Amino acid sequence: MSGRKDSAIEVRGVARRFGDQQALSDIDLTVGEGEFFSLLGPSGCGKTTLLRILAGLDLPDSGSVRIGGEDVAHVPAHRRQVNTVFQSYALFPHLSVKDNVAFGLRMKKVAPNATAGRVARAMELVRIAPLADRKPAELSGGQKQRVALARALVNEPRVLLLDEPLAALDLKLRKELQTELRDLQRRLGMTFLCVTHDQEEALVLSDTIAVMRAGRVEQVGSPQELYERPRTRFVSGFLGSCNLLAATVRERRASSVLVDTPAGLLRLEPAPAGDAALRSAFTLAVRPEKVVLLPAAASAGENRLPARITSALYVGAESRYVLEAGGQLLSAVAMNIGAAGAATAGLAEGAGAIAYLPPAALVVLDD
Amino acid sequence: MPRPGGTVEIRFGETLSRRRELARAALTCGPAVGWVSIFLLVPLAAIVAISFLTRGAAGGFGLPLTGEHFLRLLGFGALGFEPLYPLIIARSLLLAAGTTAVCVAVAFPLAFFIAALDAKRRAIALTLVVIPFWTNLLIRTYAWQILLAPASPLTRLAAAAGLAGPGEALYPGTFAVYIGMLCAYLPFLVLPLYTAVEKLDWSLVEAARDLGADGPRVFRHAVLPQVVPGLVAGVVLVFVPATGQFVIPDLLGGAKTVLLGSAIQQQFGASQDWPFGSAIALVGMGIVMTGLWLYARTAGKRGSEDLP
Numbered sequence: 053m054s055g056r057k058d059s060a061i062e063v064r065g066v067a068r069r070f071g072d073q074q075a076l077s078d079i080d081l082t083v084g085e086g087e088f089f090s091l092l093g094p095s096g097c098g099k100t101t102l103l104r105i106l107a108g109l110d111l112p113d114s115g116s117v118r119i120g121g122e123d124v125a126h127v128p129a130h131r132r133q134v135n136t137v138f139q140s141y142a143l144f145p146h147l148s149v150k151d152n153v154a155f156g157l158r159m160k161k162v163a164p165n166a167t168a169g170r171v172a173r174a175m176e177l178v179r180i181a182p183l184a185d186r187k188p189a190e191l192s193g194g195q196k197q198r199v200a201l202a203r204a205l206v207n208e209p210r211v212l213l214l215d216e217p218l219a220a221l222d223l224k225l226r227k228e229l230q231t232e233l234r235d236l237q238r239r240l241g242m243t244f245l246c247v248t249h250d251q252e253e254a255l256v257l258s259d260t261i262a263v264m265r266a267g268r269v270e271q272v273g274s275p276q277e278l279y280e281r282p283r284t285r286f287v288s289g290f291l292g293s294c295n296l297l298a299a300t301v302r303e304r305r306a307s308s309v310l311v312d313t314p315a316g317l318l319r320l321e322p323a324p325a326g327d328a329a330l331r332s333a334f335t336l337a338v339r340p341e342k343v344v345l346l347p348a349a350a351s352a353g354e355n356r357l358p359a360r361i362t363s364a365l366y367v368g369a370e371s372r373y374v375l376e377a378g379g380q381l382l383s384a385v386a387m388n389i390g391a392a393g394a395a396t397a398g399l400a401e402g403a404g405a406i407a408y409l410p411p412a413a414l415v416v417l418d419d
Numbered sequence: 438m439p440r441p442g443g444t445v446e447i448r449f450g451e452t453l454s455r456r457r458e459l460a461r462a463a464l465t466c467g468p469a470v471g472w473v474s475i476f477l478l479v480p481l482a483a484i485v486a487i488s489f490l491t492r493g494a495a496g497g498f499g500l501p502l503t504g505e506h507f508l509r510l511l512g513f514g515a516l517g518f519e520p521l522y523p524l525i526i527a528r529s530l531l532l533a534a535g536t537t538a539v540c541v542a543v544a545f546p547l548a549f550f551i552a553a554l555d556a557k558r559r560a561i562a563l564t565l566v567v568i569p570f571w572t573n574l575l576i577r578t579y580a581w582q583i584l585l586a587p588a589s590p591l592t593r594l595a596a597a598a599g600l601a602g603p604g605e606a607l608y609p610g611t612f613a614v615y616i617g618m619l620c621a622y623l624p625f626l627v628l629p630l631y632t633a634v635e636k637l638d639w640s641l642v643e644a645a646r647d648l649g650a651d652g653p654r655v656f657r658h659a660v661l662p663q664v665v666p667g668l669v670a671g672v673v674l675v676f677v678p679a680t681g682q683f684v685i686p687d688l689l690g691g692a693k694t695v696l697l698g699s700a701i702q703q704q705f706g707a708s709q710d711w712p713f714g715s716a717i718a719l720v721g722m723g724i725v726m727t728g729l730w731l732y733a734r735t736a737g738k739r740g741s742e743d744l745p
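Line order of the protein sequences matches chains P and X. Taking the working numbering, the leading residue of the first sequence gets 53, the next gets one more, and so forth. Taking the working numbering, the leading residue of the second sequence gets 438, the next gets one more, and so forth.
With the rest of the complex left out, here is chain P (with noise of 0.2 Å):
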């Protein structure tokens, strides 16, 4: 995917404390060129951690950063060709809209005119330059945002950093935004690199995601490949939601296994690789909206398992159903795309229904 471009940031076993709390450790990231490269994780695990140690606002304790190939570990903050969007917008207050966009040019000092004609552009991208002479404090937030933004794309950074840039605003707001960076960093081809915590902005918005967790990188790939192919139980839960199933191995065949769960017996095709083919017991993960729900009297067959429907939800576009097999709580989700409205006739709450696993959906997790 991005490792054979050119990166543009090469972080090599990283590692930070504050404290008795062990904030990063060996952080290993490669961020391609062009790139929009999201690290997600819950509050406290380290991403934005990460984020000020590119900046240079912060100093690893050991490892090795590399900003467009160059080693940055003694380059001060304000010599790094990278530009931030805070989360608190840190927005100069006593400067108009014009002139915190100008900041970073005029503290490089580049020419008036080749200034002015960059602030102008600039602003005109994220569709600020009727707000040029305002104050912050006249701006509402979604507003803000664009003017931090505008200020740290107008240096034309190698990279640009953004932490938890749309936290701030409001749900409609959010979703405005996300496509509008989104087609913002595909226009200009710059590196993007975001801090969320919001697993569906990281998935809406980025090319590749790093999850985090406690210090580590927990997994990187593209969304696609995070959501499909969960390696962790964390991962799993923390993309979307997923049925976690203790399986042990009965039999294996040439190219799929047989494993017992609680639930009852399932085929996996294609059968594990790598460790999970060597070990006989593993969680398997299998996302609700992948478990097709069928009448009770659907003929019986391979990973078709008995079920009873313990709660039935509609919610409109979707309906949500929880299932129990074999003491085993499956969730389920189904589309209500039948002309009545329900995703399929006689499943009620308390009704039998067979619960269908189809092989390729189930994900052998790695813990």
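What the hints contain is simulated information worked out from the structure, not anything from laboratory work. There may be inaccurate statements among the hints.
[As the list claims (entries may be wrong)] Heads up, incomplete: computed chain X residues facing chain P, CB under 8 Å, no partners named:
(1) Pro-501
(2) Glu-505
(3) Glu-643
(4) Arg-646
(5) Leu-648
(6) Gly-649
(7) Asp-651
(8) Pro-653
(9) Arg-654
(10) Val-660
(11) Pro-662
(12) Ser-699
Please read these numbers as outputs of a predicted model, since none were measured by experiment. The beta carbon of each residue, even a glycine, is placed where N, CA and C say it ideally should be.
Fit chain X to the known structure of chain P by using the hints.
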């Protein structure tokens, strides 16, 4: 429908008739307004009036009206031009400006130092800063006389360190005057400045760094604009009273020079020339007020700052 009690307005959720609002204002603000009127506005008006009257033969004052006191202040006396009083005014302003500068230089690092302490030490540090307030000005000043006297350990230490030549004393002299002034006025600058520094938004400092500002420019563009209100409040609190200060310069400077404050005191005391004393007081006040007004005007107009 007309409501009883005249116009009714809502203030912060409370309905209040115009009459009751006035009554409440009179009750709460009345004493202060009365105090300021009787003890500030009336005497001030008297001083303005007296400054235009003529000194009586045996002190006192009376008609006719005259502007000669102001001419005399400008240096045009009976004996031709002699800039005695312009020099006194300039000397006083210089002392006040010097005192303010020294106080700013000391208060700035101190305010940042205190703001960086933990809550408990901060309380102790602030107490130490205000302790001079609790000591009488004269006692404090005499104490400095003793501490800086020619044979005092402090003076000998300074001599040993080569800071003062042999036989030279730290007191009386300019150094001693500034020590005394600093000691008296520092709290007025530290407290408002500290309040501003404590509220400093450090994310702006990081933003300035991130945008390529080095240390001095971070200070100028991200720190200074945030602490300017506190700094200005402190500067005014120090500069204005310092222009009228004469006890400290007299006691620590050897009473060799006349300052605004001592000139006024002399006219109202020994010279028995109230009209001229009033004129000096008025001009001193006028200069300070003009300065403040000019500052307020420029500060209000300064919109987009010129970044280098």
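Structure-based check of all given hints:
1. Pro-501: violated (54 Å)
2. Glu-505: Hint violated; Glu-505/X Cβ to chain P Cβ min 48 Å, cut 8 Å.
3. Glu-643: Holds. Min distance 5 Å.
4. Arg-646: holds (4 Å)
5. Leu-648: OK, holds: Leu-648/X within 8 Å of chain P, min 4 Å.
6. Gly-649: holds (4 Å)
7. Asp-651: Cβ of Asp-651/X sits 6 Å from chain P, so the hint holds.
8. Pro-653: violated (11 Å)
9. Arg-654: holds (6 Å)
10. Val-660: Nearest chain P Cβ about 11 Å off; hint violated.
11. Pro-662: holds (4 Å)
12. Ser-699: violated (42 Å)
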